[in-house]
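There are 2 protein chains.
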Amino acid sequence: MRITLIGSGNVATHLGAALKNAGHQIVQVYSRNADSAALLAYHLKGEAISSWADINPDTDLFVISIKDDAIEEVASSLAAHQMPIVHTSGATSLATLQKYTTKAGVFYPLQTFSKSKEVNFKTVPMCIEASNEDLENLLKQLASTISNSVYTVSSEQRKILHLAAVFACNFPNYLYHASQQLLAQHQLDFNLLRPLILETADKVQQHLPAAVQTGPAVRNDQKTMTAHLTLLNGNEEQTTIYNLLSQAIIKMGEGQPTVK
Amino acid sequence: MRITLIGSGNVATHLGAALKNAGHQIVQVYSRNADSAALLAYHLKGEAISSWADINPDTDLFVISIKDDAIEEVASSLAAHQMPIVHTSGATSLATLQKYTTKAGVFYPLQTFSKSKEVNFKTVPMCIEASNEDLENLLKQLASTISNSVYTVSSEQRKILHLAAVFACNFPNYLYHASQQLLAQHQLDFNLLRPLILETADKVQQHLPAAVQTGPAVRNDQKTMTAHLTLLNGNEEQTTIYNLLSQAIIKMGEGQPTVK
Chain A
8 MRITLIGSGN VATHLGAALK NAGHQIVQVY SRNADSAALL AYHLKGEAIS SWADINPDTD
68 LFVISIKDDA IEEVASSLAA HQMPIVHTSG ATSLATLQKY TTKAGVFYPL QTFSKSKEVN
128 FKTVPMCIEA SNEDLENLLK QLASTISNSV YTVSSEQRKI LHLAAVFACN FPNYLYHASQ
188 QLLAQHQLDF NLLRPLILET ADKVQQHLPA AVQTGPAVRN DQKTMTAHLT LLNGNEEQTT
248 IYNLLSQAII KMGEGQPTVK
Chain B
8 MRITLIGSGN VATHLGAALK NAGHQIVQVY SRNADSAALL AYHLKGEAIS SWADINPDTD
68 LFVISIKDDA IEEVASSLAA HQMPIVHTSG ATSLATLQKY TTKAGVFYPL QTFSKSKEVN
128 FKTVPMCIEA SNEDLENLLK QLASTISNSV YTVSSEQRKI LHLAAVFACN FPNYLYHASQ
188 QLLAQHQLDF NLLRPLILET ADKVQQHLPA AVQTGPAVRN DQKTMTAHLT LLNGNEEQTT
248 IYNLLSQAII KMGEGQPTVK
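Sequence order for the protein chains is A and B.
The numbering of the first sequence is my numbering, which starts it at 8 and goes up by one.
The numbering of the second sequence is my numbering, which starts it at 8 and goes up by one.
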C-alpha cells in the first residue's frame, strides 16, 4: 500500500518502520517541524513535508499519529482528498474522524514506544476500528502484514484499554522508580532488582496475575508488613502507597485462589 | 560441595536444582512433609528425611529454605553438627543464626519463584552475607557456580532490598491484576495487554524508570486523567489508586527530566 504518515513522534517512527519493512511504500512524512519530518522521511525513504499545501493526494491511506488534541484539525484538512484517514490514538474515538469523512478508521498499536528502543512489531496488538466493513477489512489486512496480533476493538473498548494500560504500564513503571529510589538511598545497585522486574512481567505472560501474586500482603503477613512500614519511616508518600496497595492485595487474596 | 537442603518450597526447589545442575551433591532434603521431601529429593538425587534424628552430619553446608518464622528453631537444632548454616530469607537477619553458630551465613536469591515456571538462575542476583570472611568467600564461590551476579549485602541492606522488591514485584503484579479485571469487565482479552507489560519491564533493564515514564500523569494531561476517572466511576479502590499514583508521577515528572 501507499501510505502517508502524519507525525514524527514515537508511534509514527516505530509504526512507519514496521510498515516500510513489511513492503509498504511511505509516500510522504508530514511534521510541522521540518527537521523531524526530514529525519523520519529519510529513514522511511519517503518525501518530507511540513506544509499541508504539499500533500500528495496520490496515496491509499492517511495515518495520523500526532497528539490527541491536534487530530481533529488535521483530519478536517485531509478530508478534501477523499482517501481513508486513520488515527493511532488509544484515547480518541472514531467519531472524531467521522465528522469529516465516511472513510474513517483507527489503527492503534497497544504498546509503549521509546525512540531509543527497538520494538518487535510482530507481537504488538493492533486494535482496528472502521466506519465501514470494507475499510475494516483493509485495515485488518494491513495490520496483519506488521503484527501477528490483530483485534477489532470498538471506541468504547479502546478507551478501557487505554485506561487499563495506565494500570499495566505507567503505574508499574512508577513503582519501579520508587524501588530504585529506595535502593539508591541505601547505596544499592538497581541491577539487583532488574531480573525480578523482568521475571514478574514474564510470569503473567502465561498466568493470570491473581494466580501468581506473591509477597507479604497476599499471605496477610502482618509482621513483615509492619517491619516494612518501619523501614519506610519518614516517607509519607511511599507509606501511603504501601498501605493502599497492600490492603488491595489482602482483599484480592481473600477473594481468589492464589499461589502463595 | 556436599549440601543439605532444609525445606521443599519454591526457593528450595529452584535453588536445589541450580546447585545440583552446577555439580554439587545434595546429600539430604528435609521437609516436615515426607511426601514433599521425597518428591524434591527424587529430583535432586538426594536422601529424603522428615525427622531431625535422621540428619546426616557428613555435609559441608546446611541451607535453610523455609518460612521465616521457623528458621530460628531449625538453626538451633542443626547447630550441634558444627557445620556452616545459611538461610535464604530476604527478611531475616544474620543475627538470627549467629545466636546458635559462629558459622552463619545468608544465601539469598533475589527473585520470585513459582513451582510452575523455570528460572534461569544465571541471571538471579545472589545476596551473600556471613559471620566470618572465610565463610563469606566460600559462599561467594558457591554462588558464582550458579549465578553470574553475586553481591555482598548486609542484613540492613537486605531488608531494604526485600522492601524494594515489594514495590518492584508484588505491587506491579497487583496492578496487572487490576488492569486484567478492567478488561474482563468489558469482554476484552488480557492478551491485549501482555506485550505492553513485558515491554514496560524490558525498558528498565537498560534505562532508569524515571527516564522512560510515559502516560498522562507524567505529561500532566488533566483532560485524559479526568476521562479515565470517569471511566472508573463506581470503583472506589481503583479510583483511589489512580489518583494516588498519578499524583506521585506528576511530582516525579516535575522533579526530574523524563522522556515523554
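It cannot be assumed that every hint is accurate.
Same chains, same names: a pair is fine if it fits in one copy or spans any two.
Below, simulated SDA-like cross-link-like pairs (lysine to any residue); rule was C-alpha separation at most 20 Å, straight line [stated by the list, open to error]:
| # | residue 1 | residue 2 |
| --- | --- | --- |
| 1 | K124 | L46 |
| 2 | K124 | L205 |
| 3 | K258 | T231 |
| 4 | K27 | K129 |
| 5 | K74 | I257 |
| 6 | K230 | Q213 |
| 7 | K27 | G16 |
It should be emphasised that the hints constitute simulated quantities derived from the structure, not laboratory data.
Handout entry: Hint numbers contradicted by this structure
Key = Hint 6 alone not satisfied by this model.
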